[in-house]
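Protein chains: 2
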Amino acid sequence: MKQSKLFTKTAKTFPSEEEAVNAKLLIKGGYIRKMSAGIYSYLPLARRALDKINAIIREEMNAIGAQEVSLPALVAKEYWDRSRRWHTDVAYEFKSPFGEEFALGWTHEEVVTAIATNFISSYKDLPTAAYQIQTKFRAEPRAKSGLLRGREFLMKDLYSFHASKEDLDRYYQKVIGTYKKILKRLSLDAKLVEAAGGAFTEDYTHEFQVLTPVGEDVIVYCTACDYAQNKEIALVRGGHRCPKCGAEVKEENGIEVANVFRLGTRYSEPFDLKFTNAKGDQQPVIMGSYGIGPTRVLGTLVEVFHDDRGIIWPEAVAPFKIHLLELKSEEVSVRKNAEKVYKQFEKAGVEVLYDDRDISAGEKFADADLLGIPWRAVVSEKTGAQIELKARNSKNTKLVSPEELLKKLQ
Amino acid sequence: MKQSKLFTKTAKTFPSEEEAVNAKLLIKGGYIRKMSAGIYSYLPLARRALDKINAIIREEMNAIGAQEVSLPALVAKEYWDRSRRWHTDVAYEFKSPFGEEFALGWTHEEVVTAIATNFISSYKDLPTAAYQIQTKFRAEPRAKSGLLRGREFLMKDLYSFHASKEDLDRYYQKVIGTYKKILKRLSLDAKLVEAAGGAFTEDYTHEFQVLTPVGEDVIVYCTACDYAQNKEIALVRGGHRCPKCGAEVKEENGIEVANVFRLGTRYSEPFDLKFTNAKGDQQPVIMGSYGIGPTRVLGTLVEVFHDDRGIIWPEAVAPFKIHLLELKSEEVSVRKNAEKVYKQFEKAGVEVLYDDRDISAGEKFADADLLGIPWRAVVSEKTGAQIELKARNSKNTKLVSPEELLKKLQ
Chain A
1 MKQSKLFTKT AKTFPSEEEA VNAKLLIKGG YIRKMSAGIY SYLPLARRAL
51 DKINAIIREE MNAIGAQEVS LPALVAKEYW DRSRRWHTDV AYEFKSPFGE
101 EFALGWTHEE VVTAIATNFI SSYKDLPTAA YQIQTKFRAE PRAKSGLLRG
151 REFLMKDLYS FHASKEDLDR YYQKVIGTYK KILKRLSLDA KLVEAAGGAF
201 TEDYTHEFQV LTPVGEDVIV YCTACDYAQN KEIALVRGGH RCPKCGAEVK
251 EENGIEVANV FRLGTRYSEP FDLKFTNAKG DQQPVIMGSY GIGPTRVLGT
301 LVEVFHDDRG IIWPEAVAPF KIHLLELKSE EVSVRKNAEK VYKQFEKAGV
351 EVLYDDRDIS AGEKFADADL LGIPWRAVVS EKTGAQIELK ARNSKNTKLV
401 SPEELLKKLQ
Chain B
1 MKQSKLFTKT AKTFPSEEEA VNAKLLIKGG YIRKMSAGIY SYLPLARRAL
51 DKINAIIREE MNAIGAQEVS LPALVAKEYW DRSRRWHTDV AYEFKSPFGE
101 EFALGWTHEE VVTAIATNFI SSYKDLPTAA YQIQTKFRAE PRAKSGLLRG
151 REFLMKDLYS FHASKEDLDR YYQKVIGTYK KILKRLSLDA KLVEAAGGAF
201 TEDYTHEFQV LTPVGEDVIV YCTACDYAQN KEIALVRGGH RCPKCGAEVK
251 EENGIEVANV FRLGTRYSEP FDLKFTNAKG DQQPVIMGSY GIGPTRVLGT
301 LVEVFHDDRG IIWPEAVAPF KIHLLELKSE EVSVRKNAEK VYKQFEKAGV
351 EVLYDDRDIS AGEKFADADL LGIPWRAVVS EKTGAQIELK ARNSKNTKLV
401 SPEELLKKLQ
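Going down the list, the sequences are from chains A and B.
Going by our numbering, the first residue of the first sequence is number 1, and it counts up by one from there.
Going by our numbering, the first residue of the second sequence is number 1, and it counts up by one from there.
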């Protein structure tokens, strides 16, 4: 894509009303716009990054046999009444012009359980699992962390249905493994942490926490073994000895990017979701639910991967693979060379953002650093038919031929 | 995918509470579930069909340089106030727990115009265009037509920005051409019809109408030339002479699957979206907006393509390309042959739904007709290592080898 044609532009200054680094950089770069507190529009560059995050999540969900659905945002009171979750703090509730009462879907256990009653009746129908990647709404009292705590945000929510607690446990571990894989593909180093059940369950649950000072959770973890608990339930405090192995325990802030819940029969019972077992007896279905927030992941990536000049996207989620900068010149050959490289790359299917704008080299370099595309390729009077290549996360440049570069990137 | 593993099942009977054919067939087939009046969940088979519809739309939008964005559903009162569209009949409006007032986005002119003020300032920034495929909410008083008139539905909305009325007109015609292409790819035969401006504009606008008795609009069109108007603004009535060419004019019902609007400065003025022209003067940006509803398209396809046994999907949108039926048999070879064909197809990337369930041949045939996948391939004692192939829209069967079939489908 030609940068001159991009729907957005970078800004010269940071937005004054944002505190969080992720919102500051993403707004300055033209990735997102804030519409109201905790509510953002995702513009073409952010949309491209989100598409990549979603594609990775979809691939891994499909790989464990989960099937994609789309559940509504308008969830009628009757659903929440059955699970006694009408009038939850975080819900946006309202009455329609026709007198129906709705809460905007902030989670979908109720809806998916109601649906499953139509399709699950025998142990032969189990296990099964459905997921969606969909907008969720939560009336968060604080909405100051940019994409880390939004009032309207994307969520991948997966729901699983089982004939026994053992089968749920197996699937729960499988999803934990899949989430590890997803987060690794997203270049996020996340800790598996034990946490309280929250609104979903009374059992302990697990969260994936990315340790970073801006995180709103506090994690207590062992420096030697895999002991890690959310401070809310932690058995010890930082500086003490690990309850599992006796090594030193640390405390750090974390961003919760994913979570997994054993729901048991919390929803199947009120919705009368039962199955007939092999002996012919009726039993409530055992459920699990599992979430990853793609927009929160986007914000977390910016928090983890940036420097004072801008974002440094990992390749897997970058909106483009390479940022081609044509430096302004009186010589026609510069434009010609740049255009040629651009066309070669487009033809080869390499995602390239081509800065063809009539602005100074300094502005182009600053924008390239701000936007954070993994590779920067400069064509100028100095480079001739060659390209000056630089990784966003390195200071070194080197001259390469377009053909070499193409080979490297494909 | 193995049908035994599908999250959904077909039902034996039609849903009692639905009147529209599209809702009846889609619910019986397990494609969708009704959650409240006008509000549906899209289950895996429908999700697959929607993915195909959306992919075609995206491809054609990108081809005309439009860039994908995602705008929020929670649109604050301040946006609607500026365009004087707060308290619109179709809006779901409510107050948040923090006292903010929102309307759920039923259209996004306000939001996209507000965003564009950050990026458009010069004639050099024009033209530009952004689109999204996103959930819209409309408090429709009647919601009895299944997916044809939902209260929560998918919409592809495109917004374009221009320096002059002439440039808008050019783009308007371009989008009409693109919509023709999209609808053709979706196998929908739609008429371009002149209509009133509605909530968006005072100019005449254009709609794409699929002529079918269940449509809620009435279209007056010429049997000889391209004259076609929505009855609301039609110059003549059915049976009369065409005002353009004098030939006979007919009246038929239609489903509006797409529309295009010249917005002019209706939104740029209240939002102060201006640009500096080549002479240095400030002018308001000229806008257009253009919609296609993917979920309405899904419903329309079912209305147009079905018989008394079920849906007949066009290949371009079918959830699977082929429905492989293994007929119950005592002979192990039947399962072995079917499994082999299934694996061959999956490996070749042919989308196949494999009915491996332990039910009667009659039930499998009935389900195949109901689900409406374009090709039915039967493996049975009778067929041996061959396959009995039948198109959903034909009565003829023929025996083919798996290799021949693979060649045909790839």
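These aren't lab readings, by the way, just hints derived from the structure by calculation.
Please note that the accuracy of each hint is not assured.
When chains are identical, the list treats them as one kind, so a pair holds in a single copy or across two.
[To be verified] Restricting the straight-line Cα-Cα distance to at most 30 Å, the calculated cross-link-like pairs of lysine-lysine (DSS-like) are:
#  : residue 1 : residue 2
1  : LYS279    : LYS12
2  : LYS95     : LYS34
3  : LYS184    : LYS279
4  : LYS407    : LYS347
5  : LYS12     : LYS174
6  : LYS250    : LYS407
7  : LYS9      : LYS124
8  : LYS382    : LYS274
9  : LYS144    : LYS231
10 : LYS165    : LYS9
11 : LYS2      : LYS165
12 : LYS95     : LYS144
13 : LYS340    : LYS408
14 : LYS28     : LYS124
15 : LYS382    : LYS124
16 : LYS231    : LYS2
17 : LYS95     : LYS77
18 : LYS174    : LYS2
19 : LYS174    : LYS395
20 : LYS274    : LYS12
21 : LYS231    : LYS5
22 : LYS343    : LYS244
23 : LYS279    : LYS398
24 : LYS77     : LYS244
25 : LYS407    : LYS12
The hints, checked one at a time:
no.	hint	verdict
1	LYS279 x LYS12	between (70 Å within a copy, 25 Å between copies)
2	LYS95 x LYS34	both (27 Å within a copy, 19 Å between copies)
3	LYS184 x LYS279	neither (43 Å within a copy, 54 Å between copies)
4	LYS407 x LYS347	both (13 Å within a copy, 28 Å between copies)
5	LYS12 x LYS174	neither (46 Å within a copy, 35 Å between copies)
6	LYS250 x LYS407	neither (45 Å within a copy, 61 Å between copies)
7	LYS9 x LYS124	between (55 Å within a copy, 13 Å between copies)
8	LYS382 x LYS274	neither (73 Å within a copy, 39 Å between copies)
9	LYS144 x LYS231	within (22 Å within a copy, 51 Å between copies)
10	LYS165 x LYS9	between (52 Å within a copy, 24 Å between copies)
11	LYS2 x LYS165	between (54 Å within a copy, 25 Å between copies)
12	LYS95 x LYS144	both (28 Å within a copy, 20 Å between copies)
13	LYS340 x LYS408	within (18 Å within a copy, 39 Å between copies)
14	LYS28 x LYS124	between (54 Å within a copy, 21 Å between copies)
15	LYS382 x LYS124	between (69 Å within a copy, 28 Å between copies)
16	LYS231 x LYS2	neither (48 Å within a copy, 44 Å between copies)
17	LYS95 x LYS77	both (10 Å within a copy, 17 Å between copies)
18	LYS174 x LYS2	between (43 Å within a copy, 21 Å between copies)
19	LYS174 x LYS395	neither (41 Å within a copy, 46 Å between copies)
20	LYS274 x LYS12	between (59 Å within a copy, 20 Å between copies)
21	LYS231 x LYS5	neither (48 Å within a copy, 40 Å between copies)
22	LYS343 x LYS244	neither (58 Å within a copy, 47 Å between copies)
23	LYS279 x LYS398	neither (71 Å within a copy, 44 Å between copies)
24	LYS77 x LYS244	neither (45 Å within a copy, 54 Å between copies)
25	LYS407 x LYS12	neither (35 Å within a copy, 57 Å between copies)
The structure does not agree with the numbered hints 3, 5, 6, 8, 16, 19, 21, 22, 23, 24 and 25 stated previously, though it agrees with the rest.
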